[in-house]
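The listed protein sequences correspond, in order, to chains Z, F, V, L, H and E. The first sequence: position 68 = 68 (my numbering), numbered continuously. The second sequence: position 44 = 44 (my numbering), numbered continuously. The third sequence: position 236 = 236 (my numbering), numbered continuously. The fourth sequence: position 122 = 122 (my numbering), numbered continuously. The fifth sequence: position 310 = 310 (my numbering), numbered continuously. The sixth sequence: position 303 = 303 (my numbering), numbered continuously.
Any given hint might turn out to be false.
No copy labels: a pair is met if it fits in one copy or bridges any two.
[To be verified] Below are the DSS-like pairs computed for lysine-lysine, each with C-alpha atoms no more than 25 Å apart in a straight line: (1) K14 / K99; (2) K107 / K180; (3) K64 / K16; (4) K28 / K64; (5) K76 / K203; (6) K203 / K81; (7) K28 / K14; (8) K64 / K99; (9) K64 / K208; (10) K203 / K22; (11) K107 / K208; (12) K22 / K234; (13) K22 / K78; (14) K64 / K14; (15) K16 / K232; (16) K234 / K16; (17) K22 / K99.
No lab work stands behind these hints, which were simulated from the structure alone.
Each chain is listed here by its residues.
6 protein chains.
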Amino acid sequence: MPDIRYLLPASEPKFKDSGITKAGELLKAWNGSPATGIGLIGAPLSKTSISHSGAAMAPEAIRKMLHSFTTYSVEKDKDLKSMAITDFGDITPHVTDLKETQNRFVKVIQEVLERNPDIIPVILGGDHSISASSIRAFKKVKGPVGIIQFDAHHDLRNLEDGGPSNGTPFRQLIEGNDIKGEHLIQIGIRDFSNGRMYTNYAKENGIKIYSMNDVNRLGARRILEESVRTLKSKVSSIYVSVDMDVLDQAFAPGCPAIGPGGMNSEDLIQGVQYLSTCPDVKGMDIVEVDPTLDFRDMTSRLAAYLILQFLLNRP
Amino acid sequence: MPDIRYLLPASEPKFKDSGITKAGELLKAWNGSPATGIGLIGAPLSKTSISHSGAAMAPEAIRKMLHSFTTYSVEKDKDLKSMAITDFGDITPHVTDLKETQNRFVKVIQEVLERNPDIIPVILGGDHSISASSIRAFKKVKGPVGIIQFDAHHDLRNLEDGGPSNGTPFRQLIEGNDIKGEHLIQIGIRDFSNGRMYTNYAKENGIKIYSMNDVNRLGARRILEESVRTLKSKVSSIYVSVDMDVLDQAFAPGCPAIGPGGMNSEDLIQGVQYLSTCPDVKGMDIVEVDPTLDFRDMTSRLAAYLILQFLLNRP
Amino acid sequence: MPDIRYLLPASEPKFKDSGITKAGELLKAWNGSPATGIGLIGAPLSKTSISHSGAAMAPEAIRKMLHSFTTYSVEKDKDLKSMAITDFGDITPHVTDLKETQNRFVKVIQEVLERNPDIIPVILGGDHSISASSIRAFKKVKGPVGIIQFDAHHDLRNLEDGGPSNGTPFRQLIEGNDIKGEHLIQIGIRDFSNGRMYTNYAKENGIKIYSMNDVNRLGARRILEESVRTLKSKVSSIYVSVDMDVLDQAFAPGCPAIGPGGMNSEDLIQGVQYLSTCPDVKGMDIVEVDPTLDFRDMTSRLAAYLILQFLLNRP
Amino acid sequence: MPDIRYLLPASEPKFKDSGITKAGELLKAWNGSPATGIGLIGAPLSKTSISHSGAAMAPEAIRKMLHSFTTYSVEKDKDLKSMAITDFGDITPHVTDLKETQNRFVKVIQEVLERNPDIIPVILGGDHSISASSIRAFKKVKGPVGIIQFDAHHDLRNLEDGGPSNGTPFRQLIEGNDIKGEHLIQIGIRDFSNGRMYTNYAKENGIKIYSMNDVNRLGARRILEESVRTLKSKVSSIYVSVDMDVLDQAFAPGCPAIGPGGMNSEDLIQGVQYLSTCPDVKGMDIVEVDPTLDFRDMTSRLAAYLILQFLLNRP
Amino acid sequence: MPDIRYLLPASEPKFKDSGITKAGELLKAWNGSPATGIGLIGAPLSKTSISHSGAAMAPEAIRKMLHSFTTYSVEKDKDLKSMAITDFGDITPHVTDLKETQNRFVKVIQEVLERNPDIIPVILGGDHSISASSIRAFKKVKGPVGIIQFDAHHDLRNLEDGGPSNGTPFRQLIEGNDIKGEHLIQIGIRDFSNGRMYTNYAKENGIKIYSMNDVNRLGARRILEESVRTLKSKVSSIYVSVDMDVLDQAFAPGCPAIGPGGMNSEDLIQGVQYLSTCPDVKGMDIVEVDPTLDFRDMTSRLAAYLILQFLLNRP
Amino acid sequence: MPDIRYLLPASEPKFKDSGITKAGELLKAWNGSPATGIGLIGAPLSKTSISHSGAAMAPEAIRKMLHSFTTYSVEKDKDLKSMAITDFGDITPHVTDLKETQNRFVKVIQEVLERNPDIIPVILGGDHSISASSIRAFKKVKGPVGIIQFDAHHDLRNLEDGGPSNGTPFRQLIEGNDIKGEHLIQIGIRDFSNGRMYTNYAKENGIKIYSMNDVNRLGARRILEESVRTLKSKVSSIYVSVDMDVLDQAFAPGCPAIGPGGMNSEDLIQGVQYLSTCPDVKGMDIVEVDPTLDFRDMTSRLAAYLILQFLLNRP
Ligand SMILES: [Ca+2]
Ligand SMILES: [Ca+2]
Ligand SMILES: [Ca+2]
Ligand SMILES: [Ca+2]
Ligand SMILES: [Ca+2]
Ligand SMILES: [Ca+2]
Ligand SMILES: [Ca+2]
Ligand SMILES: [Ca+2]
Ligand SMILES: [Ca+2]
Ligand SMILES: [Ca+2]
Ligand SMILES: [Ca+2]
Ligand SMILES: [Ca+2]
């Protein structure tokens with residue numbers, strides 16, 4: 001841009017405070033050489049959802065919300081501004097061929113991971129179906145992987161009734177031998193949000209379930225310590241899948257499947273803070289945020305905040 | 001419907017998962033023979049409200065929200081799908097004669113209870129005025145009844161100023177000798193939401209008041225244990241009246257009289273779970289949900305969830 | 001339902017005026033024997049849309065809006081209440097396989113038409129992709145068909161870039177030899193809403209285009225008279241495809257692709273009134289209504305009103 | 001208020017331009033002595049509506065919208081700022097006894113008219129039921145009255161099914177001998193918005209009906225000239241009842257019963273301009289504006305604008 | 001961006017049709033060498049508004065809406081895709097010093113015009129106050145300028161009461177000798193939207209006023225022909241200032257000062273089409289669009305469409 | 001108002017219960033003689049905000065919300081109805097000169113305090129910039145003052161980049177020697193909401209910071225006890241500045257800068273209850289409530305509730 005004072009490209013912020021760096025500025029488009037640290041990949045797909053969902057708009061909304069935060073943690077007295085979040089951009093979905101889209105997700109994420117072996121990927125859904133693609137790619141590159149899933153739902157539905165949807169990712173992964181049931185830990189499973197057949201499937205496959213009663217009784221922190229301890233003895237890396245509907249509807253009003261009786265946001269924040277200190281945690285996704293249903297981007301804001309907390313405490 | 005594959009009546013869900021039963025499917029229209037278990041009766045009246053209210057739309061909204069839950073409780077490992085909720089439908093209000101509507105409510109509920117002596121009625125308001133009709137009918141059929149009322153407000157206003165409104169149901173019941181003051185327990189009464197004259201009326205009539213400070217100090221569970229113990233020694237059955245505005249505005253954004261300083265939803269859920277285990281609890285109503293003011297049906301969702309928890313734990 | 005006075009099934013209207021019949025009551029579920037008159041078929045698919053769309057919810061919304069109209073036309077002094085609209089219900093889409101859904105649409109509509117040779121089908125989208133399926137089925141059963149398409153857009157996009165979407169239905173039909181270009185008439189094509197490549201495609205294929213300037217200059221009525229005259233000499237039946245985005249955004253705020261410079265609703269109403277008097281018009285669809293974006297269901301209301309006007313004037 | 005510069009009562013506007021007078025400032029509370037010119041009376045009742053309605057909030061909203069206009073007509077080069085609109089305030093409704101409310105309306109309006117014989121009352125509903133009370137009072141004080149009713153609906157429903165509601169005012173007036181059928185002219189009656197029984201009732205009672213086709217064909221102005229000519233030969237004064245739902249939904253999005261196929265706002269404005277020049281027009285009401293459903297108070301704004309146009313052109 | 005197939009920068013569109021160019025792609029950031037054709041400059045200021053306004057967000061919203069249109073005009077069979085709209089970006093406002101912001105606007109626009117003598121600037125407000133800055137700069141560079149102002153309001157308020165606000169731009173220009181009153185033509189001035197003092201000021205200063213009655217009687221086209229003819233004999237260039245509130249509220253729901261009785265959008269579109277054919281028209285601004293109040297960006301969409309029509313017909 | 005029964009001024013409530021006094025009725029316009037107790041002063045300025053803000057509308061919204069509460073505290077069994085809240089009205093802002101507005105705030109508040117030496121002022125913002133004016137006036141009249149600031153943000157930004165905005169009030173006060181850094185206590189400072197430069201500035205200036213971790217660990221009550229103890233030894237009076245964005249977004253959805261990880265409303269309520277018992281607390285402001293962004297006035301409701309709790313417990 002040629003320099004006329006006070007004339008700035010339309011995309012630039014209208015006000016710049018010399019003492020503040022916006023977290024959105026941490027985003028640096030990937031330049032093709034192997035990156036380190038956290039890397040964002042958008043997986044904008046929600047046509048795979050059982051109910052109407054605009055979760056495909058979440059990567060855009062969450063990135064935008066990163067601009068509403070600064071880079072400085074007063075709690076840790078740590079400024080992230082010298083760090084970068086590598087932004088790999090979004091994987092383009094096919095308009096009408098959803099399986100093709102899912103295949104693209106696997107291939108692209110695999111290639112990103114191969115070319116950036118030290119990156120900690122944070123995949124932004126999209127609905128929860130994208131975790132099947134993402135974890136498949138993750139496992140191909142990284143080997144056996146343990147999963148910590150925050151969710152009100154098992155997502156272990158049968159594949160016959162509707163194909164690979166946002167209700168089936170972990171079923172797909174188990175049946176595809178991408179993960180073992182015993183390497184999957186589900187936290188926040190809720191009453192009247194699942195079918196017994198699928199809870200039984202979980203049990204039969206050795207999946208560890210922490211229900212909301214467990215969360216309320218033990219606290220997310222203790223559950224996560226236990227979970228990480230268990231998984232790290234079995235697998236070489238841990239992948240955290242955060243379905244935002246694990247939260248109570250008061251704290252995540254923008255999820256497609258909101259409901260009462262869920263976690264509060266403080267618990268989830270502290271959970272992510274703990275996980276970010278664990279060297280074995282090597283990847284994360286955040287799914288099921290629908291910006292078209294949200295109130296003032298609250299749910300996207302929280303997602304962006306989780307990314308920053310995840311970045312802040314990494315060893 | 002004649003069978004053309006994939007062609008279904010418009011009212012049917014567009015997707016059916018063979019491993020999931022929706023709680024809405026538990027609703028079975030009453031067939032005229034004596035029913036058992038829980039029975040829903042809609043009392044769609046809110047023209048009786050002091051302020052503008054669309055609570056008359058709540059029965060429709062709450063029934064619809066039952067379809068957003070499944071029948072399975074992971075906490076209890078219990079599937080309700082073999083149970084039924086008898087749906088008695090809605091009592092039709094008169095367009096302009098509100099007392100006539102209230103009389104219809106008394107008569108219809110009375111007849112439903114007489115013809116279904118074993119039913120546990122769950123009356124869906126409407127505004128809180130419907131409790132006067134409902135409890136009057138309840139008492140006619142069941143005899144002396146104790147009331148546990150969750151509410152930010154006493155609802156003991158004088159009848160001279162505005163007639164039998166949503167501010168007066170418990171005054172009407174006491175003055176009509178339908179209940180005794182000492183058989184009424186009010187939980188969640190809140191600062192700056194009542195008039196001293198009515199708190200005094202409550203005290204003079206022996207009504208037991210647990211304010212929000214009491215709830216915060218003792219917990220809903222302990223208060224309810226105490227309440228049930230007290231009431232069961234005095235009356236033969238207990239009726240629970242849940243005014244959703246007992247909740248803080250963050251958890252029940254769709255009540256006409258929202259405000260800060262109220263209960264959180266987890267407490268109320270656990271309260272209803274406890275009450276559902278008490279054999280003396282023989283009826284319930286849920287009132288003051290206005291779907292036209294709600295955000296994403298959160299308040300109706302919570303109401304539906306309370307019905308399921310009430311059903312789940314019944315002895 | 002057993003008779004307790006004033007107790008009605010939840011789905012019944014709460015007030016019934018003895019002098020009014022709601023148009024929604026005209027809907028009669030198909031009983032399997034050959035029906036006559038107008039028949040509604042819901043095609044709830046919008047995952048095929050290029051942009052995020054909730055048009056799949058339109059069949060439900062439009063049917064509901066039929067309940068906000070009565071059966072009586074004061075202009076014609078004609079009461080439709082002795083007529084019926086056969087409701088064939090909705091065709092169930094597959095959750096993740098969109099081509100499978102489109103195949104189901106073809107097969108089901110074909111079977112409906114075969115078993116109901118005298119029905120005038122009104123297909124409720126869904127996005128405009130459903131017209132490809134619907135017209136394909138129509139042509140299979142009825143033979144060569146001429147199309148009058150109200151639309152701001154050609155919908156002649158190439159199939160390579162995104163597959164069979166809501167941008168491609170008429171391209172699909174021409175390339176699949178389901179219709180001839182010269183049998184397609186497009187009304188309401190608008191500036192800055194199309195690509196030249198596709199206007200050229202239209203011209204090369206003999207498609208007749210009436211742009212918005214033409215509509216403003218000639219009036220919809222005169223264009224339609226001309227169009228029907230032209231088509232009836234060439235084909236045995238005419239199918240009308242109404243993409244509601246042909247209207248200006250002020251009159252159809254609930255279409256996914258709203259914009260200025262379109263038709264006003266009165267013109268479209270009069271157009272449909274004229275078409276309904278033409279015996280050669282044998283089918284219609286109404287597409288691109290997204291109830292999740294609408295204001296007070298205005299666009300669904302208008303769609304329902306068009307159905308009634310289409311029914312009213314049929315010879 | 002004591003004078004501290006720049007400190008103003010909370011209710012005062014925050015900015016005052018010395019060259020602008022807001023139309024809201026024309027409102028002067030009635031001081032008890034006989035007033036002349038236009039007098040506003042609020043009739044905040046909509047519990048009488050067949051469907052859920054917040055029209056009771058319209059008097060407040062319309063008064064507020066008067067503050068968004070100035071007092072100056074550039075078309076007539078006339079400034080109303082030396083005139084006053086006498087504000088009689090609102091008639092308080094009973095909370096639960098709707099007939100009592102209607103009786104209060106009759107008595108209060110009657111007394112206002114008796115004590116202010118030269119006032120031109122403008123009654124602000126509320127729903128259309130208030131016209132029955134208002135016209136009854138009007139006739140008691142002024143003698144035989146002719147009515148020009150703008151409405152999509154006859155409002156001639158039977159009184160048995162729901163009592164005196166917003167569907168019945170003109171039936172009540174005819175059956176109560178308050179007006180004769182031949183003195184009632186209905187403009188804007190619309191397809192699929194009425195029952196044949198009531199159109200027949202209108203015809204049998206000599207009510208003159210101008211349907212929307214008539215309005216589109218003849219124009220509101222010519223219809224009104226004809227109507228005033230007819231009525232002035234038969235009655236001593238004319239009362240205009242404006243149900244805002246006579247307008248198309250695009251122009252009056254805040255009416256409870258919106259729909260397509262109605263008048264545009266320019267026609268209604270010109271109609272009111274004409275009526276305001278007729279000395280025989282002695283009263284008006286504006287009804288069926290529901291501010292809780294409106295978009296940016298558009299419908300209340302238009303109502304306020306009609307009041308000003310009605311005031312502007314009075315002889 | 002390194003090439004991984006299907007991985008695209010987050011800012012890129014998720015779907016690209018090879019036959020469609022989006023109008024937003026015409027925007028090319030200025031590279032510093034003299035540009036020709038149309039040049040966009042954002043003037044994001046609305047703190048100067050008398051009422052609360054978010055018009056400062058309009059440049060972003062209008063640019064975004066350019067992406068919802070294509071480059072092809074079917075009416076003219078002309079594709080703009082080989083043309084460019086030079087995007088000069090936005091002028092950064094000061095957070096708290098509004099006069100400083102206005103000075104920046106003058107200086108930057110002046111410099112842009114000096115360095116790009118052949119550009120046709122299109123300034124995107126912001127509120128109408130920005131026209132004072134813009135026209136001042138325009139006149140400094142281009143010499144005497146005639147103004148065609150579309151507006152419901154004169155914007156000739158006194159400067160004493162509130163300083164240079166959105167109510168004063170043309171007063172400022174006249175009093176600052178930037179323009180002569182006789183070189184200002186105001187189109188669409190509306191009843192009850194102005195003060196007589198300011199209409200008198202207009203008349204005394206030789207400003208030509210076309211009220212809404214004039215617009216309805218003569219048509220925008222004829223008024224504009226007359227206006228251009230008049231102005232071109234007096235000044236060397238014409239600047240068009242489009243306050244979107246000249247439109248009726250049904251067509252521009254997102255203006256801060258909406259109201260009934262205004263122009264419809266088709267008239268304004270045709271007016272801009274005509275103006276774009278006049279070689280003397282050398283600049284334009286579009287102001288008073290508040291995206292925070294709009295419905296589905298309708299008003300920004302229309303603003304973007306006007307820009308394209310302005311570009312399309314340029315000689 | 002002359003007495004016609006049931007006819008009331010438009011501004012009066014439509015229903016009056018003889019046993020209820022609304023808290024809004026406590027507001028008494030200042031009569032010029034020295035007042036005691038709490039005094040409200042509106043400071044409607046938010047053009048000074050860094051981001052778009054409608055906080056200038058908060059004084060009106062909060063006053064209105066006082067009408068949704070009663071005067072009676074059931075917890076304290078204390079009725080405020082014999083008390084008064086002196087309403088000093090609002091200070092009128094200049095339309096375009098924001099510094100002039102800030103100067104008016106200082107002068108008016110100073111004069112109010114001088115003429116009402118015993119008043120406890122509660123200033124209603126506006127954005128947080130108003131605290132600089134308010135505290136400056138406070139200090140001029142009352143001498144050295146200690147500040148307890150609830151806020152997610154330091155508000156210690158530099159003044160060069162944007163002038164005296166809502167990001168700078170406490171920087172202004174320190175640099176202007178209105179307060180000392182060691183007399184400022186900030187509670188609720190949050191991660192990713194501040195710049196390190198400003199946290200360092202706070203530390204260097206002796207400002208005491210309690211971050212959200214501190215609040216979660218110690219509780220608001222204990223922090224406040226400590227804070228009051230510290231301050232009262234150093235200054236003669238304490239001023240409490242409540243930026244509502246100290247709350248989590250779930251509890252204060254109407255603040256411009258919402259986010260996760262904040263306080264819950266119960267903690268803040270209890271904090272204010274405690275502060276109201278401290279005789280040294282001599283003034284308060286409530287800022288950063290934007291009614292245009294809120295949901296059902298939740299944030300204004302909470303602000304009104306805090307005022308009542310602050311009034312309730314005063315010694
Ligand atoms: Ca999930
Ligand atoms: Ca989930
Ligand atoms: Ca209650
Ligand atoms: Ca209550
Ligand atoms: Ca189309
Ligand atoms: Ca289209
Ligand atoms: Ca009517
Ligand atoms: Ca009507
Ligand atoms: Ca203007
Ligand atoms: Ca204007
Ligand atoms: Ca602050
Ligand atoms: Ca803050």
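*Identify every previously stated hint that the structure contradicts and give their numbers, smallest first.*
When the structure is compared with the hints, numbers 8, 9, 11, 12, 15, 16 and 17 turn out to be violated.
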